[in-house]
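There are 2 protein chains.
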Amino acid sequence: MRTDALNYAKTHRDDYLNDLKALLSIPSISTQSEHADDVKAAAQWVAERLTAAGMENVQIMPTGGHPAVYGDWLHADNAPTVLIYGHYDVQPVDPINLWKTPPFEPDIRDDYIYARGATDDKGQMFAHVAAVDAMLKSGGKLPVNVKFLLEGEEEVGSKNLERLITSHTDLLAADCALISDSHILSPTQPLAAYGLRGLAILELAVRSADHDLHSGQYGGVVHNPLTALVEILSKMHNENGTVQIPGFYDDVLPVSAEEHALMEKLPDHILEETGAKKLWGEKEFSVHERTGARPTFEIHGIVGGYTGEGSKTVIPAHAFAKLSMRLVPNQDPEKVIRQFTDYVNSIAPDTVDVEVRAFDRVPAVLVDRHDPAIEAMSAAYEASFGNTPLFAREGGSIPVVLMFQQHLGIPVALMGLGLPDDALHAPNERFYLPNFYRGIEASIHFMHEYAE
Amino acid sequence: MRTDALNYAKTHRDDYLNDLKALLSIPSISTQSEHADDVKAAAQWVAERLTAAGMENVQIMPTGGHPAVYGDWLHADNAPTVLIYGHYDVQPVDPINLWKTPPFEPDIRDDYIYARGATDDKGQMFAHVAAVDAMLKSGGKLPVNVKFLLEGEEEVGSKNLERLITSHTDLLAADCALISDSHILSPTQPLAAYGLRGLAILELAVRSADHDLHSGQYGGVVHNPLTALVEILSKMHNENGTVQIPGFYDDVLPVSAEEHALMEKLPDHILEETGAKKLWGEKEFSVHERTGARPTFEIHGIVGGYTGEGSKTVIPAHAFAKLSMRLVPNQDPEKVIRQFTDYVNSIAPDTVDVEVRAFDRVPAVLVDRHDPAIEAMSAAYEASFGNTPLFAREGGSIPVVLMFQQHLGIPVALMGLGLPDDALHAPNERFYLPNFYRGIEASIHFMHEYAE
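Listed in order, the protein sequences are those of chains C and Z.
The opening residue of the first sequence carries number 28 in this note's numbering; numbering runs sequentially from there.
The opening residue of the second sequence carries number 28 in this note's numbering; numbering runs sequentially from there.
Quick caveat, the hints were computed from the structure, so don't treat them as lab data.
Among the hints, erroneous ones may be present.
Each pair may be met inside one copy or between any two copies, as identical chains are not told apart.
As the list claims (entries may be wrong) - Listed next, the in silico PhoX-like pairs over lysine-lysine satisfying Cα-Cα at most 25 Å (straight line): (1) Lys-362 / Lys-292; (2) Lys-127 / Lys-48; (3) Lys-292 / Lys-310.
Start from the sequences, fold in the hints, and give me the full structure.
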């Protein structure tokens with residue numbers, strides 16, 4: 028039965044690729060309200076494809092924001108139940124001029140498919156839909172019970188998902204969750220992510236005058252809010268890259284010796300992957316500890332003044348920065364936001380007014396590395412990619428993992444299929460097609476391994 | 028003859044106001060290429076209005092960029108010649124949502140006319156056109172020879188004007204220049220500006236990775252270029268507001284005792300005018316010395332990352348800042364740009380690449396306060412505004428003043444008509460209508476005073 032499904036998946040690769048292309052053509056950017064209908068269209072497409080795969084009870088679930096899609100197949104009797112999560116919403120596409128081909132016209136070049144969402148997360152998510160399709164089409168049944176919960180708000184912090192889960196705990200009840208929304212190390216070296224950093228999304232606003240000023244007339248006597256903002260933000264790190272917010276590291280747990288040993292096995296290709304000339308950050312920690320087990324503070328954009336063509340010598344009335352902090356296990360987002368606010372108030376010059384606005388708050392998460400779901404994932408990776416996985420903490424945030432742990436009481440297997448240079452959230456995002464096909468096989472293996 | 032002109036100007040105020048409204052309705056934003064035709068339309072309008080006023084030899088002069096407009100009336104025999112300069116191009120209008128009425132639909136509220144360019148410089152410029160119109164319509168002649176040189180590139184640094192002047196020195200030959208493109212202190216307290224700060228327009232670019240990165244994946248190991256940029260820019264001022272670029276103040280001349288005495292007479296309404304909660308800047312200098320006789324460093328905008336709706340947790344590949352420095356007499360813009368570049372290179376961390384790009388360079392200028400043109404301006408101000416002017420150095424930059432001094436060898440009378448709270452370069456720019464009418468009268472007085 029496993030072999031039939033694997034064979035079916037192999038002989039239908041072109042069909043699954045065409046399906047993926049269709050999904051990638053929908054510009055389902057969840058953070059931009061003008062794309063709300065596109066997110067809806069992606070939900071509709073996913074619901075129809077689940078139905079075509081043989082899933083039952085398929086439904087588009089309203090959330091108050093962008094809808095989610097549910098579907099199940101529950102005829103595996105006493106076998107365990109796997110809840111598969113993914114998301115069909117994507118990041119914005121700017122700077123659009125840096126894309127070699129349009130972000131929503133999937134283009135295949137050198138074994139990669141290029142499109143916004145190719146790896147994050149449409150491609151990885153669809154591998155599981157294809158796996159279920161292959162198993163049901165080839166053998167008429169699945170080795171485990173399967174539930175899909177696919178959402179359209181991951182890129183905006185999954186803001187309505189928690190309420191959806193808590194109000195459907197029976198519908199979503201399962202023995203483990205399986206998620207592919209992360210990356211492995213290379214096409215032949217899988218990676219089992221057992222930790223995810225949390226996230227706090229913030230803005231820091233600075234006000235000086237009550238209207239924009241001419242810098243000739245008032246330069247030298249009124250504090251330019253961009254200057255004040257820059258001065259405040261420059262105090263967030265020291266030269267070592269250590270965050271200077273008092274108390275910021277208070278609740279950060281040290282990494283155990285066993286974890287250090289796992290981290291040491293991980294390769295470091297950061298300079299090659301990014302094109303950066305030199306590493307930056309806390310020198311006393313390894314790069315994997317820094318990206319996985321250390322919190323960070325980042326500036327994502329600064330708004331205010333004039334950024335258009337030519338020049339405008341204005342002292343703007345307001346300026347603000349879009350910020351985030353990546354958090355690690357045991358850090359409380361609320362506490363860290365409070366520490367940041369207190370620090371800003373303590374260092375802000377008295378020539379300006381400052382205001383901190385907090386948006387999303389996602390705690391970090393750690394998964395038990397010895398759970399049967401993690402062991403099934405290891406075996407599935409080995410069978411499809413040819414190697415057992417290395418273990419790492421992921422630097423990104425997947426809010427749903429914490430929600431599944433908290434509200435459904437289930438472990439989460441993070442079976443990433445992306446590669447480190449897939450350019451997710453960036454122009455020319457891509458997905459390595461051999462990983463797409465191996466991902467379908469890995470999903471088939473996982474179901475069988477977990478059933479045993 | 029003077030009285031007839033003044034009476035004519037008074038009885039035709041509504042006509043001149045309607046003319047000004049028509050000019051203000053043309054969105055002649057010189058820095059935005061999509062408005063190039065509008066700048067051309069403004070030139071055409073001005074040329075036609077000069078002709079209607081009775082000016083001769085009116086011509087639209089190509090410059091390589093936006094055109095300039097020339098016109099003269101040279102029948103005053105042995106009387107001196109006055110060259111009147113102004114500009115009909117305007118600043119961009121963003122943030123557009125803060126305008127109470129559309130920027131190119133002039134609206135009159137409480138004795139003010141609101142529109143982009145109302146005071147900078149269409150309103151002030153047109154006062155002289157109206158003055159000439161009133162003199163020629165009422166008496167058939169002018170007490171002095173008059174030449175107009177009106178341009179469409181002042182807000183982009185008058186970049187083609189110098190070549191235009193140097194290639195037309197005979198056409199433009201005059202005994203003095205008269206410019207209204209600055210502000211006075213109050214409706215009844217005129218101000219004779221005898222100095223202008225210079226300007227250097229710059230950009231500072233920072234590169235880190237060669238593509239945008241996911242802050243979860245690379246936060247903590249790659250230097251965010253926005254963070255690096257903020258760190259560099261924070262080192263441009265100390266807490267006192269003193270610029271930290273080594274050598275920046277080397278060539279700044281001390282202010283004389285006579286000038287200090289003039290500055291002490293000037294009132295300080297900066298907090299009321301701006302709405303700022305507190306003054307900022309070099310405490311050891313008076314506010315008028317800071318805005319007129321001290322160089323500054325300003326940030327006008329920061330580009331890079333994500334500034335749209337919602338959030339995007341990106342580490343951008345690049346970031347850059349739009350910057351300017353206001354310069355004072357005896358400072359060489361090239362030298363200051365070099366000092367800035369050397370400083371940036373010396374403080375930039377080795378984790379990023381930095382690049383300084385220099386655009387406009389305008390030296391500062393000082394005018395002899397005892398020239399006959401300045402004395403004629405004093406008398407004209409007193410006759411029309413009821414008070415002799417105070418003397419001040421202006422903080423802004425009018426590149427043409429230096430060009431007139433250098434290439435035509437003539438003094439420049441800066442007969443400002445704006446008010447400090449006219450919101451130039453900002454939303455809801457306005458011009459105080461009584462000053463518009465007094466400005467027409469002041470121009471008539473100036474011509475007669477200068478002829479005697």
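Taking the hints in turn, this is what the structure says about them:
Taking identical chains as interchangeable, the C-alpha atoms of Lys-362 and Lys-292 are never at most 25 Å apart, the minima being 34 Å within one chain and 53 Å between chains. Within a single copy, Lys-127 and Lys-48 get their C-alpha atoms as close as 17 Å, which meets the 25 Å cut-off; across copies the closest is 47 Å, which misses it. Taking the shortest alpha-carbon separations for Lys-292 and Lys-310, only the intra-copy value of 19 Å comes in at or below 25 Å, while the best inter-copy value is 58 Å.
The structure fails hint 1 only (numbered hints given earlier).
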